[in-house]
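Undergrad: Could you slot chains B and C onto chain A? The hints should help.
Residues per chain, in single letters:
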Amino acid sequence: MKLKKLVSLLLLAALLTALFTGCKGTTDSGATSTPDTSVTTPSDSTDSSGSGGKSYDKTLTFDIYDVAANYQGMQSGWFRKVVNDRFNIELNIIAPQVAGEAIYHTRASTGNLGDIVILENADFADCVKTGLVKDITNEIKNCPNLMDYKEQIDVYNKNLPDNDAGKIYGIPCQMTNTSPTSYSQDVVYSSPLLRWDLYSELGCPDIANLDELLDVLAAMKEAHPTNKDGDPAYPFSLWPDWDGGDGMMGIANVVQLTTWYGEKIKESLILKPDNTFTTVLDKNAAYYKITKFLNNAYRRGLVDPDSGTQNWDSACAKMTAGQVYLMWYSWQVGFWNTQDRLREGTAFIYIPVKDQLYYADSDTYYGSGRVFGVGSMVDDEKYQRIMDFLDWYASPEGLTFAHNGIEGFNYTVGADGKFTLINDNALMDNLPVPEEWGGAGYQDGNNAINQWIVDAISINPNTGEPYSNQYWSTYKQATMTQMKREWAEKFGAAEPVEYMKKNNVLIVSPNVSVSIPGDTPDISVIRSQCGDTLNDYTWRMIFANDDAAFDAMWDEMTAQMNGYGFDKLVEYDTERFTIELEAKKAAMN
Amino acid sequence: MSAKRYIIKKRNIDMGIQDKLVSIFSYVIYTFFAFVCVYPFYYIFINTLSANDLSERGKVLFWIKGLHFSNYVNVLKIPNLFQSFKISIARTAIGASLTVIIAAFLGYMFTRETLWKRKLWYRFVVATMYFNAGIIPWYITMRNLGLTNNFWGYIFPLAVSPFYIVLCKTFVESVPIELQQAAQIDGAGTLRIFLQIMLPVIKPIMATIAIFSAVQQWNSFQDTLLLVTDNKLHTLQFTLYQYINQASSLKALVSTTTSSTSIAATLATAQTATSIRMTVTIVVVTPIILVYPIFQRFFIKGIMIGAVKG
Amino acid sequence: MKLIKDRKKAQSYLEFLYILPFILLVAVFSYYPLYGWVYAFFDYKPPFPLTMDKFVGFKWFISMVDNSIKVNQLLKVLRNTFAISGLSLMFSWFPMVFAIFLNEIKSRPYRKFVQTVTTLPNFISWVLVYSIAFSILNSTGAVNTVLMSLGLIDTPKMFLQSSEHVWFRMWLWLTWKNAGWAAIMYIAAISAIDEEMNEAARIDGASKLQIIWHVTLPSLMPTYFVLVMLNLANFLSNGMEQFFVFQNAFNKEYIQVLDLYVYNLAMGGGGYSLSVAISILKSIVSVLLLCLTNSFSKLVRGEGFL
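Protein chains in written order, with the numbering used here: chain A, 10 to 598; chain B, 2 to 311; chain C, 54 to 359.
Calculated from the structure, these hints are not laboratory results. Check the hints yourself; a few may be wrong.
To be verified - Derived contacts from chain C toward chain A, CB cut-off under 10 Å, selection only: (1) TYR97; (2) ILE122; (3) VAL182; (4) HIS218; (5) GLU306.
Ideal Cβ placement from N, Cα and C applies to all residues, glycine included.
Pulled out of the complex, with its shape left as it was, chain A reads as follows (with noise of 0.2 Å):
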């Protein structure tokens, strides 16, 4: 009878895999798992740790919970071994980013977020408060290298709400040892940068204001207006799936814009260059302005007319196939220009537009507003051995790994001690990783932590060079162009920030720590509401036909946020980042 065949053979089935799979019951996510690798040797642990004299003969499971990673599961490959060879453990990572805020909303209701827990400032100093974060104040000490930023993490925790006594909780994330008030960069995140070729072919005209360059522009798409296969290009070229993402307000490609006119956008205020506050609604601060000048762009048919549509993977795949004339995000470059086209001059660069004054955030010298902290669940073994590891993790040796790989893998070390960077696609095309160094590709045993307590703009001291390997002096020289030369001929400066400077042209706002309140939960639903708002009418007024059409709604938008209670938000938000901006003044005196 086919029933009994049917029912017998899903029996069978499920009896096999049970058996095959050893179908587990509950697996302990402590210390009781070790994944099946065999070079663990604890005892070859301690010498190069610093930490000397201690034994791991344990081997320990760290839960991660961390905002920064977007991979949930066990680290493995040659992160793995580079950790599990001095300390003797495991890093299980739990990703809000691959999970869901859910998991957020769910350990936290257990009590128990995870062994060390990195987290965005203002949940952490929930958390702090709820309890779920352990006092490190007397284990830190204990720690050199982390105590070589003393002075920015005692300044952090001291802000914390209700932590007069200043007992240590966190350590503030990408921390750098140069100084509040500098500016280590070459570029800064968003200016225009324009393919030098087609710029030359136009002769290199002074750009002195938006309309001028949206007339270098259409002069631009004139001459080409498609890329060497025929495929139409645009000078703009916009998505809309970062939309909302990282707790803006407006539009992504709107907001990085405003920094061209010193205006910094704070959810929903938006900071000027004399150091008030305005909202984003303001007809005469910069997201209008900005809007309108991508409005101007649309009309004149500057605008590919996917970009309401298309995710960012597709604009990407535009900007690769030279279909983009305009880029303004500083790494954005990265789709375009290769060793090639920068020798060729085809590559894109800064061209300074005359009447823009750009807005830089400064050094992250106390921290980028994340921190890492330590569960209060965590018992006193595994404790120590945290504490062990967060002060690797900032030692110059953590950081060479963190920040540049494995030597002899990623870079080489020359007679000077400089380093010089090797098979810099290592990351992209998941290299495989020899035996001896932990092996598997190189991607797939990246560090999954993704998160630094020190930046990579910071001086290693082994080199007297930052770790971020665009500022080692071997990398410099060889991507030393002809076209580099041209450029730094006709604009007097080496650099498009030493440019800036030159010219006065760059506000480098000091990097303070702070600590600002979250949102409460009325305040939330009115900013998610406002926020879809505001990003629904921005586009649509981009793609306006006249001035009339896009001014109308304007006001209609204006009348909606309104509506759902936007000066409620504008009162909270100016009180909030009235904490940030004084504290900045105090820094620039």
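TA: Frame of chain A, contents of chains B and C only:
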């Protein structure tokens, strides 16, 4: 006499034409529908084998351009792939079998007039289809039951599934009641009637539910996200979801942390979120398509109710 | 007499014992967590535990309608939900008819082929559906290229950006994705029809359409009826993935259904209480609708389906 015969004959001819038309019509419509359903899948398939930069720009529509296999090679290289595949098979086989058996049993029991408070319990079960308690109490419940980081956390919550029970009950109701009565007179108990009389008759609906719940189990990864931190219990869908997730953030990662020259060079084979998503779709669906015909066999009219009656 | 009665009673309890374990499973996994509905009456923000000072009563329920702009927004969202749910209900017979006529295909391999491939779209995630749609329908995509070269249009048509016929287009996508899959249930039901009845009808000289009308359709009606009733109770839930991937600033006015609205609203993280409040309301509406349709069914068919 002859007149009547003629009429019948004419009707038969008309009907013949009508039947032919129905037939032709069906073929045309279904061929069209099949094309509309196959093409996207074909599109996905050729795109997974084409140069990823062309694919991302929508240049691959009808045939493969720039053949390469790196998408598949990369998927096969995912760490933990085999282990999570085993877990997925296990949860699908065990979970679906359990769901089917319970649905069939309860579907049958809820038709028994003799069951104490039958209607109440039926409603008690069906109503849960419309309740959503929210993620927090659900997680806390699972944790209190020890079902976090536990394979059975995949199985038990889905075991009693109201929708399938409704389907089964409806099906059982369509079975002539005489069948049960006859058995009852012969002295068969509730369970024996279920096992010997009902099960053979409701085979088609059981196969349907088996497909539905197997696919549901196979595709599910949300529970893994929230309940499981142990790599050994990761499911295939979760591992692949994670892989997609990582790839889409990789570009952002590269662009902010390493030298800007390395990205553009390798784009033809470098994966994009879409190329990975497509590859993953093919990898996940292929096993289902391979297994599907086994279930399809149960839709073909095997037994006639009359035969059972006799 | 009493003995028989007792035996009957014992039998009925015994049968209850058989289903008790499953009733318990339902109680534990579906009813017990409902205590979480209390979150709707608090200002809940993780990681802070619920304490009485955060009790806010019906604030979240009221906050949905506490000014005219929000009421307008909610009305629009409900309009979209009703339109899209209404469309799917109106065409809910489609999978059934699909299954019936599929059965008329005499070539078995071809029938199997059609049946298999029409379930394929069900396995393509909505995200991927959108990227396929985008690559075919964008300004330089295949459809626009063909239309332009035929001279039917002179500027590319922005299909995905258009706010026209959004509901209908969403229904088309959904049908494409689900019809073949949903048809499986009916295919199963068809295969259970007593072959003798078909045979008898054929001997009586009935045409194919007549057999479908008098034999096949009536046998499928119970299944169809129950599914429609269950869907009707689910009127307010359209799911959100499909609408999430197809939404953009230009069509949002028509595409934002209740589930998507809640998702967009609760994304900030603090919206947990609000989303619980909405899900309570949805549950209540569903159960009410369930009762309504049940009495309706009693009226029409003489028996309830519950």
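Undergrad: Does each hint hold? Answer for all of them.
TA: These are the hints, each one checked on the structure:
For TYR97(C), the shortest C-beta to C-beta distance to chain A is roughly 7 Å, which falls under 10 Å, so the interface hint holds. Hint on ILE122(C) holds. Least Cβ distance to chain A is approximately 3 Å, under the 10 Å limit. Taken as an interface hint, VAL182(C) does not check out: its beta carbon lies about 13 Å from the nearest beta carbon of chain A, beyond 10 Å. Here the hint on HIS218(C) is broken, as its CB sits about 16 Å from the closest CB of chain A, past 10 Å.
With a least beta-carbon distance of about 9 Å to chain A, the hint placing GLU306(C) at the interface is held under the 10 Å criterion.
Violated hints for the displayed structure, listed by number in ascending order: 3, 4.
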